[in-house]
Each structure stands twice: as C-alpha cells, then as structure tokens.
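Keeping their order, the protein sequence lines are chains A and B. Reminder that position 129 of the first sequence reads as 129 in the working numbering, one-by-one numbering, no gaps. Reminder that position 112 of the second sequence reads as 412 in the working numbering, one-by-one numbering, no gaps.
Don't take each hint at face value.
Straight-line Cα separation of at most 27 Å, BS3-like style, residue types lysine-lysine; simulated pairs [said to hold, decoys possible]: (1) B/K917 - B/K709; (2) A/K49 - B/K598; (3) B/K881 - A/K55; (4) B/K881 - A/K49; (5) B/K412 - B/K380; (6) B/K859 - A/K49; (7) B/K325 - B/K598; (8) B/K598 - A/K55; (9) B/K394 - A/K73; (10) B/K351 - B/K461; (11) A/K49 - B/K833; (12) A/K55 - B/K917; (13) A/K55 - B/K709.
Hints were generated in silico from the structure; no laboratory data involved. Just so we're clear, the structure is a prediction, and the values are computed from it rather than from any experiment.
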Amino acid sequence: MKIFHSIKSAVLRTMNLWKGGLIIWISSFLLVSLLAMPIKGAMNSGFGKSMITEKLVDGLNFEVFADMGTAFKTIMSFFSVGLFMIVLVGFILNAFFTGGVFNRLKGSSGKFSAGEFFSASAKNFWSFLIISLIISLIILVLAFFVIGIPLAIVGQSDNSPEGVLFRTGIIVISIYFLLLTILLLVADYARAFQVTMDKNLCFKAIGFGFSQTFNTFLSSLPLMIILLLVQLSFGWLVLKILPGMRPANGSGVFYMFLLSQMLFFLKIMLKIWRYGSVTSLMEINTLRDNTSEISSESDF
Amino acid sequence: MRKSLLILFVIFVTVTPAKSQIVNKIPLSIRQTGYRIEATLDPSSKTVTGKMDAFWVNKSTDLVPDIQLHLYMNAFRNNKTTMSTESGGLSGYKDADSGWIDIKSFTDRYGKDLTPGMQFISPDDGNLNDLTVLKIVLPQAVKPGDTVFIKVNFVTKLPGKIKRTGYKDDFFFVAQWFPKFGVYESVGMRYSTKGAWNCHQFHANSEFYSNHSVYDVKITVPKEYAVGTGGILISEVTPDVNGKNKILIYRAEDIVDFAWTAWPGYVVYTDQWEHVKITLLLPKERTDQVDRQFKAVKIALEYFARNVGKYPWPYLTIVDPPAKGIGAAGMEYTTIFTSESFTGVPSWYHLPEMVTIHEFGHAYFMGILASNEFEEPWLDEGVNSFWEERIMGQYYGESEGMFDHPWLKIGDKSMSRLSYINSIGRQVVSNNEYSWNYPHGTYGMMSYNKAATWLYTLMGIIGEETTNDVFREYYKKWAFRHPSGNDFVNIVNEVVKQKYGGKFGPDMNWFFSQTLYGTGICDYKVVNFYNNKLYLSDKKVNKTDSLNTIKTGSDSLYKSVVELERAGDVMLPVDVLVHFKNGEGIHESWDGKGRFKDFTYTGASKIEWVKIDPEFKIRMDVNYINNSMTEEPDRVPVRRITDKLISFMQFFISFISL
Ligand SMILES: [Zn+2]
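For reference, chain A alone in the conformation it holds in the complex:
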C-alpha cells in the first residue's frame, strides 16, 4: 500500500513541478543545439546545391555521407568530440537541476517559484554532483565486474559450447539491472535526504541512501522496479515511434520535431515522478521510523 500511496502522491507533486520540467527541457534543448546546429550547417554546406539529399528521403543512407569525403570525416570527428563535451555538460546540468527538483518534491507544497527552484539547485549543487559522480562511477565499475569480466572469461574459454556466451550475457545483464535498480534507489534516497539538510552533506547522504535502501528494501525495491518498468516501456515506445519516422516535407518534419520534444518532456516528467515516488516513500518510512525511534528512546 505504501508503494501505491507514494506513486500516487508523486503524481501530484510531479504535476505541480511542470515548470521545473520546462526549465530542464529548455536547457537540454539549448545545450544539444550547440552541437546539432553546426552539424546541420556542415551537412548543408557539404551537400551544397546537390540533389543527393533525395537519397536521404528514405532514411540515413551512408553512401550519401561517405561521398562527402573529408567533409564527412570532419563532421564525424567534430560530432564525437562535441558529443563527449555535451554529455559532460549535460551531466553537470542535470546534477544542478535535480537539486531544485528534489527540493520541490519535499512534502511541503506551495506555488512553484523559479527563484526558489534555482536557489535550491545552487545550494545543493556540489552535493548532488558528487552523489551523481560516485553512484555513476559505481555503476560503471559494476558494469566492468558484473558484465565485462564474466563475459570475457566465458568468451576466452575455449571449451564452453556455442551459446553459453549468449546465455551468460542474459544472466549477467539481469543481475546488473537488479544492482542498477538498487543503486538508483541509493542515489534517489541520498538526494532526497540532502535537500532536507541545510548544508552539503553528500557523503552522509550517500550513507543514508544505502541504509534507507536496505532498511526499507521490501518496499523500496518493488517501487523502483515498477517505476523503471514504466520508464522502460516508455523508452520502448519512443524507440518504436521516433527513429522510424521519415517525414518528407517541411511541415511533417516540424510535427515530428514537436512530437519528439513532447516525448522528451514526458521523459523528464517521468523521471521527476520517479524522484517524487522515492521521496514520498522515504517520507512515509522515516516518519514511521522516527516515531518508533522516539518510542524506543523513551524506553530509556
């Protein structure tokens, strides 16, 4: 019941935060445009007045790009360097805005104020950045140990029959997803905890994240699994819709653009909803814990 209560309460909190979602959406759009717009320009100048773009009507055609020769290689190297930078900045920006988001998701309500949102983002920034970095690092290292090493061992072993690699892959990836779920809980609890503190206490927050995750494991894990399943289905839906769209005229492209941005906005809101659900569950659990703590303290 706690789970559904959290999810329901989070829906309301998320809806109240649509302006926050909007801020995140705009910043993300501006950020990636920094890379996408020069690439668009380079493509247009690469194609010049050619009609070769006819061949792109049915989708990406590598022959067309390869005919650009060195121009294409320049675009690709610009893109790969640019993507790295954009991802890095995006990661930092995300750490920044989640500060404001988690702050707004706290039990208290009230009208959304951009000022409050940004000041909470700024206040929690360092703590959130470190939490994000540490948990991301753990996720990466886990990928190496849980997926990389077993697959490398199985792949190297000459005696393992055909298909073992495939099956091992499925098993280790399942294990990895379970661990990922747990780590996301830790990260969310840590951040939900941090915004209740006056100071940046990232390590304490991570500690809290772990203890909260395992103390309330039986409610936290199913909650997170439900949340992730919803997000996964949404991701699946997006993959089904967007990549296959190939509008041929200007207005079609514009509608596709609107749709993709709407879907992305929804993605942001779904994530906020995840943060909200975890926050709400934490509040339910800690409230109960505090009362039990108080009562146990009173025994002494």
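We have chain A already, so just place chain B with the ligand on it with the hints.
Leaving out everything else, chain B with the ligand in the frame of chain A:
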C-alpha cells in the same frame, strides 16, 4: 570386422579408378590430376596422417623434367615463412600453434624412391625459410601425353590458430592439407610464352590455383565426429562395435580442391534444390538459422543457373563453423564452403546470407572457371563480389541488403563502393596485380571492392542483360578450364560487339585500360548552370552542339547554360539529364572525354536542375554529391536528421544521468 574392412579397402582401390564416373555421367574436365588419399585424423595430436596416390598428366607438348607440388601447410611452420612474415609475424605465435606437413616417403608407382630429386623452392621471394613449394626432379623427364604417378606418405599437423585451416579443441577444419600439384601451364595458356609450372608459395593475401581433379578420399575419424567434405559419401563403416573410429569414403569429381571438417558438435540438415542435395552442418545453437542458410544458397543456385550456367554437381555442403572455428569461416572449396555467422544473429543483419552467397559464388568463379587467384585475384574475388552484391541487392534489397533495420539500412553494394571510394589507397596500384603485391593493405579493397565497383560500372554502360550474356559466354567457353583476365576481357569485347556493333568503339579495351589496368579515379561534376534572360536584340537562336528547345508564343526567352566538368582521369560515357522549370527534361549523352562540357539551350523555360548519371550507373564515380545541382536543394532530410540528432542526444543525456 576385419573382413569388412578388407572388403571396403578392395572396393576403395578397385571400384573407383580416377577415370570412372560416380558423381556425374560424363567428366566435366580433362582431369589432368587426380588424388586418392587415405587420411586418419588424430584429435589428440591434431594431426592427419595420409597415404596418397596421385597422378599428373603431361598435356603439353613439352618434355617436362620435374613436378612441383604445394605443401601449403608448411606456411604455418614458424614465423619466418612467407605467409607469416607477410602477415606481420603471426602475432602471439607459439610452437604449439604451428602447422606443417612432413613427407615420410615419396616414390613412383613402383616404389622407386623419388626423394633424392626433392628440393624446396621459393619462386616468388626466394625465402629459404618458406617450405611451401616442393620440386621433384624426376629420374626421367615426362614425355607429352605421359602420366606421372606418385605415392606419398605424409603427416600433416594442423595449426592451432585457424586461418582457413586448423583446429580448436575438438573442432577441425582440414584444408590445404595434402601435397598438391601446381598447374603446369603450357604455351598459350593464360599468359604463358613457354611451358612452366605455375606453383606459387603460400602468401598471407592469396588463395589458390589448381587443376580440376578427381578425389577419392578415405577419412578415418573418431565415431562421435560429424564430418562434412567436398565429396559425396560412398560408404560409411564403423569397423568395430567397440572400436572408437569410423571410416568414411568420399568421391569428388572435377573440383579444384578437397577440404573437410570434423567436429562432434555439428548438427546436420539436408535440403534439395532441383538436382542438388544440400547438406548443412552447423552448431546446434544455430538451428534457428537453418532456414536462412538454405534460403540464401537456393537463391544463389537459382540466380547463377539462370544468369551464368549450370551448377553441375548433384550435391553441395555448407558449413557454418562454431565461434571457436571462426577462422575457418567464409572460405570456398567449390562443393563445400564455409559461411559465417554467430549464435543469435538478428534477422536484420544479413551477414550469414551474404557470406553464403559469396562463398557459393566461388563454385563458379574459380571453381568452375578456375582462374589463377595468386596472380589475378580480381578475376576471382572481384567478379564473385559483383555477383554476390547483385544477388543481395535483388533478394535482400538494393539499399538494405546488408543491414535491414528500421534505424540503419545499408546495401551490400554500397559497402563495397564505400570501401573503394573512401580508401586512401584507391589510386596506389591498379587492379591487375599479384595478390601479395598490393601495397599499403589495399589487397582486399582492390581485389574485392574496386573490381566489383567497376564491374557494376561496366554493367551500367552495357546493360544488365548484356552483362549476363558476357558471363554466360564466359562460362560456355571457359568452364573447367583456366581463363585469364585477358580471356575475360576478350569475351566482353566479343559479346558487346555482337550486341551493339561499333557503338562503343571497336572493342571495350578503353574501359578496361582505365578501370582494370589503370589507377585513375572517375569523378564527373556539375560546375554550374545559369539562365540568362534574352532581350529582343539577343533573340536569335544559339546554335551549339546541343539540342535547342525553342518555345514560340511565350513572352520571354532564356539562354540557359549547363557547365560540366570531368574532375577525374577516368573517361566514361555519361548520361546527363537537364530539367526545365516547365517540367520538360532533356536527356543528353556526353562521351565524357573532354575536361569540360557545356550544353546551351535557348527557350522559354529556365533550367531547374541538372543531373549527371541520374540512374547512378557509373558506380566508380567517387563523388555522387557533385553529380547534380539544383537552384533549390531539398533541405528537409537534413532538417529531419538534425532534429533526430537533437532528440537522440537529449534522450541519451537524460538516460545516462541518474
Ligand atoms: Zn571470396
């Protein structure tokens, strides 16, 4: 059980003499060589022990003093062999991985020892550490028409790092495993000006050349092994209920090589296409790919039969090696070939189909039409890739034959063209080079991709049906013989002349001198076009070498000019399509010889766009972007791609940040 063995042996040596017919009713080739081999696989020592009787017939008018044989397996002997040094010293080489063939005895048919005349030679590079060519000076020179019989006992150790041939644990692919005659080329054959053995060393980047032969091969392997070969199974005997081996006897006729594989892990499927019984061996985890493999090979059988000539054997064996035997994948031995795949290969990735169609195609291009792959790899790999790409295009999609995923589509022929046009070495050497002489790692790009791309270009010029006629004629004239590149060019010249008369000149040599024998690139481009409004005083018709379209009764007249340029060295005839704003189009032909070409028109309508080679027939053109020009290019696809890029990055960043 001994008795049955004896009977078997009697059958083996008496019933199947080299000239008898078992596979086909009549011999397909002149059978200048033949082999009878008893081979025993020892899985623990990774060796094949062989007893071989073989013959070579002197079909020339020469007195031939020696015979020459390939001992291919010696290329794996150490890291000083020619193959090893050419491939960078076999990285991670260990002695246990080495492969070799040891001659235990070598006599004539009467048991006379021939070893005193034995000597290793290195005709290509003089490398004394390379023992892949054995020359035996015979006690008496072989007179024209005479036959040399030899009896050889040998032990072949398979290499531990599979490169076409070798082993991994209990998986064996046994190829290039027995002493094999070179090809004696008499005067007039291919490029020979005097009779000589054509017996090259084993190179890193070369495959093989040999006569069509008969093979009787008796293979002894442990009972639990499934075996696939390039022959048909004549009999299978397990001599002893408690014995651990079984004996398999195979017969093959008119093929250029005999290879086989043994592995306990294979499951075996069979299917039928017209007269051909198809056997497929693959790991049991890949049973979901059985249909894909059979479908692909049947498509290829059908396509080749229709457009080139008959597949003459009543059987065919496909091997899809397991992951540990991947080094054996993608290789052809005419009636047996290896595909390439992996467990769970998605249905949109047509790698298994492509490799199967390619390797099957080699049954024609060097199996039936046994060209010299050492010396003219393009005639084998290039021609075969051209056919593979045509089949993949026709049956799996011109633009999605290789990858057919909603997000990414790539055609097989595109991959080939891209590999050529994007290679920095595309002009470093011509297509007419010995396999091992391609510099800067250009062997694959040149022999497969450039050759396939200019063959497509040839088809663009002479048309698809004429191209098929060329190959039908090539088959008719050269099947079960040894054509050279020159012989192929001559066939093209003949057929094109028959079809088109003098339309392309006295012959097509101008094409081959630029593509096959030349290093130039082809690049035609639209430099500019413009429309000038004519004022009354200018209103006179401009007579140029091009068409004039004059519209009367309209208010204004335009002088429109198209400026074209040949930016590359290669000169090919190209079509030009000039499109006017009123919807009219004019097709022009340009012989493509000049450095530039202008077309001028006077008429009521302005030019809207211009395309050189609008149907992309000239696939050699290294840049299609400059082939067309319009006043208002369609920017929508670029916008679409940019928008998708934006949302991809947004989702990606959101996905990786917690
Ligand atoms: Zn090939």
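Going down the list of hints, with the structure as the test:
no.: 1; hint: B/K917 - B/K709; result: holds (21 Å)
no.: 2; hint: A/K49 - B/K598; result: violated (45 Å)
no.: 3; hint: B/K881 - A/K55; result: holds (21 Å)
no.: 4; hint: B/K881 - A/K49; result: holds (16 Å)
no.: 5; hint: B/K412 - B/K380; result: violated (33 Å)
no.: 6; hint: B/K859 - A/K49; result: holds (21 Å)
no.: 7; hint: B/K325 - B/K598; result: holds (23 Å)
no.: 8; hint: B/K598 - A/K55; result: violated (31 Å)
no.: 9; hint: B/K394 - A/K73; result: violated (39 Å)
no.: 10; hint: B/K351 - B/K461; result: holds (25 Å)
no.: 11; hint: A/K49 - B/K833; result: holds (22 Å)
no.: 12; hint: A/K55 - B/K917; result: holds (15 Å)
no.: 13; hint: A/K55 - B/K709; result: holds (12 Å)
Checked against the numbered hints above, the structure breaks hints 2, 5, 8 and 9 and satisfies the rest.
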